[in-house]
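Student: Listed here are the chains, written in short residue letters.
4 protein chains.
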Amino acid sequence: MSNNSLPTNAIEHLPSQNDGWYIRLVKVFPHHTDYSGVVWHGTYLTWMEEARVETLSLIGIEYADLVSSGYELPVVEMSIRYHKSVRMGMTVAVKTKMMATEGVKINWDYLITSPDGDELYVTAKVTLVAVDREKGKIMRRLPASVQDFLNRLAIMENQ
Amino acid sequence: MSNNSLPTNAIEHLPSQNDGWYIRLVKVFPHHTDYSGVVWHGTYLTWMEEARVETLSLIGIEYADLVSSGYELPVVEMSIRYHKSVRMGMTVAVKTKMMATEGVKINWDYLITSPDGDELYVTAKVTLVAVDREKGKIMRRLPASVQDFLNRLAIMENQ
Amino acid sequence: MSNNSLPTNAIEHLPSQNDGWYIRLVKVFPHHTDYSGVVWHGTYLTWMEEARVETLSLIGIEYADLVSSGYELPVVEMSIRYHKSVRMGMTVAVKTKMMATEGVKINWDYLITSPDGDELYVTAKVTLVAVDREKGKIMRRLPASVQDFLNRLAIMENQ
Amino acid sequence: MSNNSLPTNAIEHLPSQNDGWYIRLVKVFPHHTDYSGVVWHGTYLTWMEEARVETLSLIGIEYADLVSSGYELPVVEMSIRYHKSVRMGMTVAVKTKMMATEGVKINWDYLITSPDGDELYVTAKVTLVAVDREKGKIMRRLPASVQDFLNRLAIMENQ
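Chains as they are written, first to last, in my numbering: chain C, 1 to 159; chain P, 1 to 159; chain X, 1 to 159; chain H, 1 to 159.
Treat the hints with caution; some may be incorrect.
The list treats identical chains as interchangeable, and a pair is accepted whether it falls inside one copy or across any two copies.
To be verified - List of simulated lysine to aspartate or glutamate pairs, EDC-like, C-alpha gap at most 16 Å:
no.	residue 1	residue 2
1	K135	D148
2	K84	D118
3	K137	D118
4	K84	D132
5	K95	D118
6	K125	E77
Simulated from the structure, these hints should not be mistaken for lab results.
Just chain C, with the same shape it has in the complex:
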């Protein structure tokens, strides 16, 4: 996939030996911080959402298109650990990997580290479900386009 469709992002698909982890580098700006000079604990959720949406985009699922098609993938569960604080001006690597799905649940693992990987700042797990926007209900099975994405991803990781 060419970079042309991703002009704003520093996401890269790591080589297969990295087991399917995607990385997005993020610089810490004033609006990310709170009074303590470090990143406010809720800010990480914006970075995790961005990494998730961009991971889907890399495989060919534009989230905005998915929504136009009548589907959503809302977060239904999240757990997060803050190991070490991140200061204004630093750049961090937001790493995410789509893990095994269970029915319509899609599980994502997260690591937020220094760009060289030596410092671990945050670990998290996020669970999404597929929702039919018109019915407002969780779907019994994933939308075809998302299931297709999962199949392609599985093929890539087995290569």
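Please build the complex by placing chains P, X and H on the supplied structure of chain C, with the hints as guidance.
Tutor: Just chains P, X and H now, kept in the frame of chain C:
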């Protein structure tokens, strides 16, 4: 007007000698601040939106209902001056008044001050227009429910 | 407790039969929502922080003063479940209770429900630790002012 | 200046015929939007701050270092016009240029457009001042490092 319809708010309709200004008291929490220990300059826009929506609510216009009816009142213009910074833990008074309308433009003035009014932190002006959600276009005239609101407000201020 | 010290808030200390739960009513404004018309999943963290800071305030700990004294209570762990979405214009009850502490860890439970308690929207657990701001390190024991707060709270709940 | 120090950004210094405008491409994620499916009007302030901080960084002023040195450049005035809404999934170009300074005031112009420049979404003006953090006061003259930056910028634009 009873407090039943405003359970979460500290808005009060000031006496008529205050010329139609509404006040909402807001306490500064950590998530409102940035590295400098004071309120991040964009945070004030959330407080101004809340004061605007609650002012409409006091007169009988629930913004969520307006949206369900197919209208929106997006911000099309804003100017803001930051006179003095506001620290975590402080409580401020967000004061707003709907000024004269020009066609479908609704102009609001803002003052953010200390609760006793002695300190002036922020002054701002915000302009809204009425938009037809389905057409995605600015309306030629205000929705009837909003025009009705304006008429009622004018009556109140003339009493 | 008089309302003078809590001018902006709808927090109430529930009767003792409610086992120490505090409640803060919050109305959903446009800036809380995302494209789907419901509250963005990260917004709840602002409400949970506000409820936590106000619970401390009710017992006599102003968080801004604690910070001025050289301490912080950062979030080190959080888990959250989103049971049902919350729409713009709705009012919800953010309920929190400080649970048993383990060393310098302070655990908080959260329920976000409809004001009548019939609908459950979100459940969460948040863990704070006490940090010495100058040393940038987790403290071995809670600051005296916070430990004093815990003792007072325990007495209140046992009454 | 090499790109190594700016791994996360799509900022480029446009050729001199572009008169000193810097561009940052930004993709619209769910957390940027509100109920209406378009970017919430306050979100643009985060993008404008990011473009400002990155423009300074390109010239050699790391904002976090400036703060460590005891200075700040807070926003004291802002005006913004919203010409056209921006939808989730779109990518926009946030363009900024530092204009003439007046004393310690630094004025920035903004244009937010489609990447090809054909669509104009937002125009804005932002004024910063230099503040001495310890004294908490506006400085009489710009910090030497910032004045040096202005001189270098003027040289670049005159080339």
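Student: If any of the earlier hints don't hold here, list their numbers in rising order.
Tutor: Violated hints: 1 and 3; rest satisfied.
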